[in-house]
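Enquirer: Chain by chain, the residues run as shown.
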Amino acid sequence: MTTKKLKNIFPIDLYLKVLDEIPDTFGVYTFYHNERPIYIGKSIHLRERIISHFQQAKTDAKERKITQQATHLGWELAAGEYSALLRESTLIKKHLPIFNRKLRRQKSLHFMVLEADDMGYLRPKIKSTERVFDAKLDGYGPFRNQRHRLNLLNQLVSKHQLCAVMLGVEHTKSCFNYQVKRCQGACVGKESAVSHNQRLLSALETYMQQKWVYQTPMMFYEHDKKNHLKQCHFVDRWRYLGVETTTETDSTLDMMPSTQFDLDHYLLLKKIFSDEKIKKIKVPEDIALPI
Amino acid sequence: MQPENIDLVWVWSKLQAGIKTNKNDYHLMQLGYVNESNFPKIDTVVFRQLANRHIYFNTDFRSHKVQCLQQDPNVSLHWYSKEEKTQISIQAVAKIHHLDDVCREKWESMPLLSQECYHQVGNPGESYAADLATFDLSEKDAFENFTMIACEIKKMDVLLLRLGDNIRYIWSEGDDALKRVMA
Numbered sequence: 001m002t003t004k005k006l007k008n009i010f011p012i013d014l015y016l017k018v019l020d021e022i023p024d025t026f027g028v029y030t031f032y033h034n035e036r037p038i039y040i041g042k043s044i045h046l047r048e049r050i051i052s053h054f055q056q057a058k059t060d061a062k063e064r065k066i067t068q069q070a071t072h073l074g075w076e077l078a079a080g081e082y083s084a085l086l087r088e089s090t091l092i093k094k095h096l097p098i099f100n101r102k103l104r105r106q107k108s109l110h111f112m113v114l115e116a117d118d119m120g121y122l123r124p125k126i127k128s129t130e131r132v133f134d135a136k137l138d139g140y141g142p143f144r145n146q147r148h149r150l151n152l153l154n155q156l157v158s159k160h161q162l163c164a165v166m167l168g169v170e171h172t173k174s175c176f177n178y179q180v181k182r183c184q185g186a187c188v189g190k191e192s193a194v195s196h197n198q199r200l201l202s203a204l205e206t207y208m209q210q211k212w213v214y215q216t217p218m219m220f221y222e223h224d225k226k227n228h229l230k231q232c233h234f235v236d237r238w239r240y241l242g243v244e245t246t247t248e249t250d251s252t253l254d255m256m257p258s259t260q261f262d263l264d265h266y267l268l269l270k271k272i273f274s275d276e277k278i279k280k281i282k283v284p285e286d287i288a289l290p291i
Numbered sequence: 001m002q003p004e005n006i007d008l009v010w011v012w013s014k015l016q017a018g019i020k021t022n023k024n025d026y027h028l029m030q031l032g033y034v035n036e037s038n039f040p041k042i043d044t045v046v047f048r049q050l051a052n053r054h055i056y057f058n059t060d061f062r063s064h065k066v067q068c069l070q071q072d073p074n075v076s077l078h079w080y081s082k083e084e085k086t087q088i089s090i091q092a093v094a095k096i097h098h099l100d101d102v103c104r105e106k107w108e109s110m111p112l113l114s115q116e117c118y119h120q121v122g123n124p125g126e127s128y129a130a131d132l133a134t135f136d137l138s139e140k141d142a143f144e145n146f147t148m149i150a151c152e153i154k155k156m157d158v159l160l161l162r163l164g165d166n167i168r169y170i171w172s173e174g175d176d177a178l179k180r181v182m183a
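The listed protein sequences derive, respectively, from chains Y and U.
Going letter by letter, the first sequence gives residues 1 to 291 in this note's numbering.
Going letter by letter, the second sequence gives residues 1 to 183 in this note's numbering.
Bear in mind the hints are in silico, worked out from the structure with no lab data behind them.
Everything hinted at is true.
Label-pair restraints from in silico Cβ distances:
#: 1; chain 1: Y; residue 1: Lys65; chain 2: U; residue 2: Glu126; range: 18 to 28 Å
#: 2; chain 1: U; residue 1: Glu36; chain 2: Y; residue 2: Ser274; range: 49 to 59 Å
#: 3; chain 1: Y; residue 1: Asp118; chain 2: U; residue 2: Asp25; range: 38 to 48 Å
#: 4; chain 1: Y; residue 1: Glu276; chain 2: U; residue 2: Glu36; range: 52 to 62 Å
#: 5; chain 1: Y; residue 1: Lys280; chain 2: U; residue 2: Gly32; range: 54 to 64 Å
#: 6; chain 1: U; residue 1: Ala183; chain 2: Y; residue 2: Gly185; range: 29 to 39 Å
Under the rule of at most 20 Å between Cα atoms (straight-line distance), these lysine to any residue pairs were calculated in the SDA-like manner:
#: 7; chain 1: Y; residue 1: Lys125; chain 2: Y; residue 2: Glu115
#: 8; chain 1: U; residue 1: Lys82; chain 2: U; residue 2: Arg168
#: 9; chain 1: U; residue 1: Lys154; chain 2: Y; residue 2: Ser158
#: 10; chain 1: Y; residue 1: Lys173; chain 2: U; residue 2: His54
#: 11; chain 1: Y; residue 1: Lys181; chain 2: U; residue 2: Leu15
#: 12; chain 1: U; residue 1: Lys179; chain 2: Y; residue 2: Thr172
Where a beta carbon is used, it is the ideal one built from N, C-alpha and C, also for glycine.
For reference, chain U alone in the conformation it holds in the complex (with noise of 0.2 Å):
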């Protein structure tokens, strides 16, 4: 059931819950980019965290996402949760945290199968290759590959879809609270 009127909090509290459970619609983000071409770009990662106005999500240091965002870190990030007729879409600005602190703390604390894959030998996008398939990095190594993308929040815009009377909100850096404009 959606409110009449929404705040920052309420956001917060649907995000929340989707770095909790993997049922959660929100815990899947649509985070979009622009490659090295100039063309708009979309994947879909695990949202993983959400601090001090920034959203987390992990990848591998050797992804072409990452390469993307060294050279551009604009990034717009996007949820539907069907079942609350919600969307949120957000535009940051992606930091890449790489072998400092913030990734060490968040590597210890990984369970060991979701650093599996930070020991895969081949890179993301090599071609395929049996041996290159295998598991085999050294933990070292496999940490060399582990990146944290924080994403700064510059703006925000929140549609709740109701038949006939849609509801938005938006809200830019500096505001004091989410502002409803037309939808």
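Here chain Y stands alone, though its shape is the one from the complex (with noise of 0.2 Å):
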């Protein structure tokens, strides 16, 4: 990563100076405070992106408190939005930075299925709290946390008027909402276990988990020609296993230092991998991956 100090950098020239220096292109930015990075960014437009910091430090608090607070500022290109963003999230985990709020580590996954009572009503249980993801489980999530998965079972109840009772967001025996008819009756068995667990299917499609349907690990890339680099990331069962970054007179390869699923990792990932315009490739053998 290239580095610049920048004493006293707000709002002085010698900011303008190293920001000359930045290429407006893809890429990842962090600013330290002395050694630690305080602040890590991602834009298809670096140089750009970074100046904004600045001008945006004029009216906002957690902006001027970055711009004021960094001693040094360090850019390192990326061959593609997704790379720079897939860049960002990797740093963000490793270093914590004060002002990245989001993207920062999960310490536990919820995960979702729904499981058919005595009566036949499907009811939704937590599967799993650990880091571990099941690529052929056949559930919901992942959630951050359980406030996050009670949160999209509240609204669920009131957008689609599903029984709060069944999907366990009320613990009496008839549910709120259908004394104020608001609920079309599944506590009390006035609606049919069929046709509630069809509004649930219905409701919950779009919550759905992922599955990973590819029998190998699988690698994109992305190629900045104007910049001559070409970034070729590894993926197994949605987790991010690094990156081998190619320029015109060297190549590397950065793995990951874990490979346990990572929530932020699979969000990105899934939308890149339903992203027509990317091409997925079965990693060839001679690679060896830390699976």
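Two chains, two frames, some hints: make the complex.
Expert: Put into structure tokens, the structure is as follows:
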């Protein structure tokens, strides 16, 4: 990563000089306080984005704090938007900068499966709270925390008039919504299991966990021809394994220290793997991956 | 005109009407909570949403009431319709939604005018200063101030006032219906 010292950076000429050296292309940048990263970001217009931090510092308290505390600025180029996103997420999890709230490491994960009760009504159950992802699981999620999962169930109850008791958000005999005619009465046997199950499955469709349909690890690449930069990313069962970066003169392999499942990588990879413009290729057997 | 018998659907329809228009008597509600000195405190708040046994209102995360609700989430909510001579009183437990999906969804659907107050530089209750009374906070900071309070209903008390013949109903969590009691 290229770094430049930003002594008394805000708002003096030095910062403009440094910014002149930053190309306006895909990349990741880091604001450091001495040696410690305090904020990491990515952009498809690196130079423009870094300038905007200084401009927004006039009105935005957080931007002001970042630019005032920064003593160094570092950046590295990426071969495309997805490469920049993956790199940003990886660096944030590695350094945990104080001004990056999102993309922090997940301590636990929550999945949900549906299990039929004695009467045949499907009821959501928590499947796992470990940081282990079962790529073949017929479930929903993953959710960041229990609250995230319960918020979703509450939203489904009100949007689709599903039964709060059946979804486990209310623990009474008959749900309150039934009494105010906002539930069709699954809790008191007025709505059949078939009907409620059908409505529940349809409401949950978009939250279904994406299955890993490939038999082997896969790779995809992005190529920035203008900057002669090619990056090839390796993925297995939604776990991000690492990247091979090739420039005109050099080639480096940067593998992840841990191949544990990560929710932010999963959400990104899900998007990338559904992008038809990105070609997904089976990883050749001669490439040794830390699976 | 008050009906002879009421049920929860009737109460719900009255409250729903209060959300839809600010001309309705149920649009504003009195929120009772306990402050840091253990004194009862009452604020008037705008009643915003009704879903899954929860009553919602919006507030600023920097406000005094949020600090109090973090300490003690037990609240009382109260409406009185002068037109219908009806009082609805609810005991509930408040849950603070801040920087979550529930807040995000609501924030994005809010008119800009309603978002404006969350852009204020000074905290609610802070000593007045002209430079604090500006609305210059960025969208990001304003969203960080936006908070939704979801009050989960535990008990309900409905009183229909009639000359010499008041009617009162109560409901508690777990009950199947409103129960008539002596007024």
